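Colleague: Listed below, chain by chain, are the residues.
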Amino acid sequence: MSSSTPLARRASALGPGLALLCVLLALVAFLSVTLGSRSIGLPEVLRALASLDADASINSTVTLELRVPRTLLGILVGAALGVAGAILQGVTRNPLADTGIMGVNSGAAVCVVFAITVLGVRGAGLYVWFAFAGAIGALVLVYAIASLGREGATPVKLALAGAAVTAGLASVTTGIVMTNVDALNELRFWQVGSLAGRYAPILTGVAPFLILGLIVSLGFGRTLNGLALGEDMARGLGQRVTRTRAVAFAVVAVLAGAATAACGPIVFVGLVVPHVARFICGPDYRWILPYSMLLAPIVLLLADVLGRVVAAPDELQVGVVLGVLGAPAFVGIVRYGRMSEA
Amino acid sequence: MRAWRPVLAFAALSVVLAGCGSADTAGTTGTAASAAASAAPAGPWSFTSGNGEVVKADKTPTRIIAHAGEAAALMSFGIKPVGIYADESVKTDANLKDLDLTGIEILGQEWGKIDVEKAAALRPDLIVGDWWPVEKAYSGLEEGVDEKSKKLTELAPIVGVAQGKSIVDLAKGYEDLAKSLGADVDAPEIAAHKKRFDEALAAFKEAVAAKPGLTAAAMLAADDKVYVANPAYAPELLDFQSWGLKVVNPDSPDPGFPYWENLSWENADKYQPDLILYDGRSYKPTSNAEWGKKQPTWFKIKAAKAGAVVAWPAYWLHTYGDFADELDNLTTAIKAADPNIGD
Chain A
1 MSSSTPLARR ASALGPGLAL LCVLLALVAF LSVTLGSRSI GLPEVLRALA SLDADASINS
61 TVTLELRVPR TLLGILVGAA LGVAGAILQG VTRNPLADTG IMGVNSGAAV CVVFAITVLG
121 VRGAGLYVWF AFAGAIGALV LVYAIASLGR EGATPVKLAL AGAAVTAGLA SVTTGIVMTN
181 VDALNELRFW QVGSLAGRYA PILTGVAPFL ILGLIVSLGF GRTLNGLALG EDMARGLGQR
241 VTRTRAVAFA VVAVLAGAAT AACGPIVFVG LVVPHVARFI CGPDYRWILP YSMLLAPIVL
301 LLADVLGRVV AAPDELQVGV VLGVLGAPAF VGIVRYGRMS EA
Chain B
1 MRAWRPVLAF AALSVVLAGC GSADTAGTTG TAASAAASAA PAGPWSFTSG NGEVVKADKT
61 PTRIIAHAGE AAALMSFGIK PVGIYADESV KTDANLKDLD LTGIEILGQE WGKIDVEKAA
121 ALRPDLIVGD WWPVEKAYSG LEEGVDEKSK KLTELAPIVG VAQGKSIVDL AKGYEDLAKS
181 LGADVDAPEI AAHKKRFDEA LAAFKEAVAA KPGLTAAAML AADDKVYVAN PAYAPELLDF
241 QSWGLKVVNP DSPDPGFPYW ENLSWENADK YQPDLILYDG RSYKPTSNAE WGKKQPTWFK
301 IKAAKAGAVV AWPAYWLHTY GDFADELDNL TTAIKAADPN IGD
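Protein sequence lines, in the order shown, are assigned to chains A and B.
Going by the working numbering, the first residue of the first sequence is number 1, and it counts up by one from there.
Going by the working numbering, the first residue of the second sequence is number 1, and it counts up by one from there.
None of these hints come from the bench; they were simulated from the model.
Be careful, since some hints might not be right.
Some chain A residues judged to face chain B by a derived CB distance under 7 Å, without partners named [said to hold, decoys possible]:
no., residue
1, Gly36
2, Ser37
3, Arg38
4, Ile58
5, Thr61
6, Val62
7, Glu65
8, Leu66
9, Ser194
10, Ala196
11, Gly197
12, Pro313
13, Asp314
14, Glu315
A few chain A residues that don't get close to chain B, going by computed Cβ distances all over 12 Å [unchecked claim]:
no., residue
15, Leu21
16, Ala133
17, Glu151
18, Pro155
19, Gly219
Note that the structure is predicted; figures quoted are calculated from it, not measured.
Glycine is no exception: its CB is placed at the ideal position from the N, C-alpha and C atoms.
With these hints in hand, go ahead and build the complete structure from the sequences.
Modeller: The structure is reproduced here in structure tokens:
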């Protein structure tokens, strides 16, 4: 640990950087409330925000009941996905780890389809809870499969179990959807991650889980730093590796599960943002986690605002925008950045 | 021994012919076909299909396989098909849900999937499906269906009426087809459907004329968006327009899928009709209240807030009878609507 001097020097710049990101996030949130597929003048937005009277006019309704919850949800979900991605990459020591390849999305989808076909449930507000259960169930399954055997849930076994569970659940979903047009139509909306059409009930439903998960996750920095040195070294430093992994997975399950439940599968944020954070901060997870937590919602909200503005009076789902923008961004990071091995 | 030898020979022959997909009808004993067969003129038979092609046969077809709505149309004229293929469960298909389908083989209940082997066993001599001029294909045989389903056309000639600008034309087309197949379209119980339609239409026109300022928009709400239908691609909406109802033409339909204009929920109030024609395929009496509760801007459409929402028979009508029912329903809603509630 002879690198304490550069780390300390770095910290003096990283602290203000974090403050800057907070300001940026506030700015993007402001854009997200003032811009959209409906053009509402700035004075009218401000008047609505000041009066808090959603029924005054349709512009007030749109501002207060559509855009404000949408923006808050974007911030929470973005932060959750960024942090969940960073933790997963750290715990599994796999730079490609994100919640998608750990079975979260496929688990959520399978449960939504089950709810539609078997239980006859309809409506985004109800899918949330099935998706949440499915996401957590899939992560637990991945972890349980990877834990089989003497050496426990090693990074390689986690990656393999994740891929296997994802493929298995996805084929079940496809099988059901191919023979049930009704389920396909309902799932079509859910399958592309979107912030549209989710209002106060969904926000207040998932917010407690997301906020709790985010607070707990910030305490993981030191542990992840230890794991990054390798399992034996971490053990030598006095870490209980198996227990650490299990707790980290539980936190990821809550964060990613609630985020995916609320918005459907949102790609790239959880994968790319931790790499950007690592590029800025270096290998110290005590910085990577808060940076991911702020960078991810900035990216998510910007993509959402873009999707709302370019297609007005229609909207593009944020999942589509992120897919289009995220792929080249990731290529850029691989090509020019130092792709550190988590 | 000598007496039944020709019978055996005939049976063998008919199996061979069926195997070739030939239109052999002499040996049919199917209960479904018998009623129509007795009335059917001997032939030769010909019909000008929706694609302009003239289809001919030496004998008038009696063993018919038809797509769901087309089957309903033929049945409304007393022609009962031997087999039906549908795009969804025959229990939920709007055209079929109230019909007695006993004795009819169901060959498919999902778009793009037809059990051709089962169809071949029915030894059909005619296939009936709508002709879609834009797709240049018959119903169930469009681009994207199972390749195996397309083999249906090898079993027998296929005809259909062209889908286009009017449900009335479509219903009339199937009336002509049924007539050519031997239906007695002037029989009182059959003519009653058309008479009922004529009366329903007169009442509809009268109700519309009484409210010259009334506007309507055909809409569908979904979790992420609101859709406004483009009448140019909805024959029943074009019919309504031709009968005087002012159905909104959306100004920017989705270029890739011009059946609808997509509106984000922020823009749900872009059009302010006096009456909302809600897509009947997903309409429930509770739909309006549910969307009002779920989507903060749904009730910003004044007609929705006022409860002026009625089911619109979207894209499925084929018969005078069904159209009469739907028109009666719409006429009631038009009479109840306030022509000054929208813009």
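Colleague: Now, for every hint given, state plainly whether the structure supports it.
Modeller: For each hint, the structure was consulted:
no. : hint   : in the structure
1   : Gly36  : holds (5 Å)
2   : Ser37  : holds (4 Å)
3   : Arg38  : holds (4 Å)
4   : Ile58  : holds (5 Å)
5   : Thr61  : holds (5 Å)
6   : Val62  : holds (5 Å)
7   : Glu65  : holds (4 Å)
8   : Leu66  : holds (6 Å)
9   : Ser194 : holds (6 Å)
10  : Ala196 : holds (5 Å)
11  : Gly197 : holds (5 Å)
12  : Pro313 : holds (4 Å)
13  : Asp314 : holds (4 Å)
14  : Glu315 : holds (4 Å)
15  : Leu21  : holds (28 Å)
16  : Ala133 : holds (20 Å)
17  : Glu151 : holds (45 Å)
18  : Pro155 : holds (37 Å)
19  : Gly219 : holds (36 Å)
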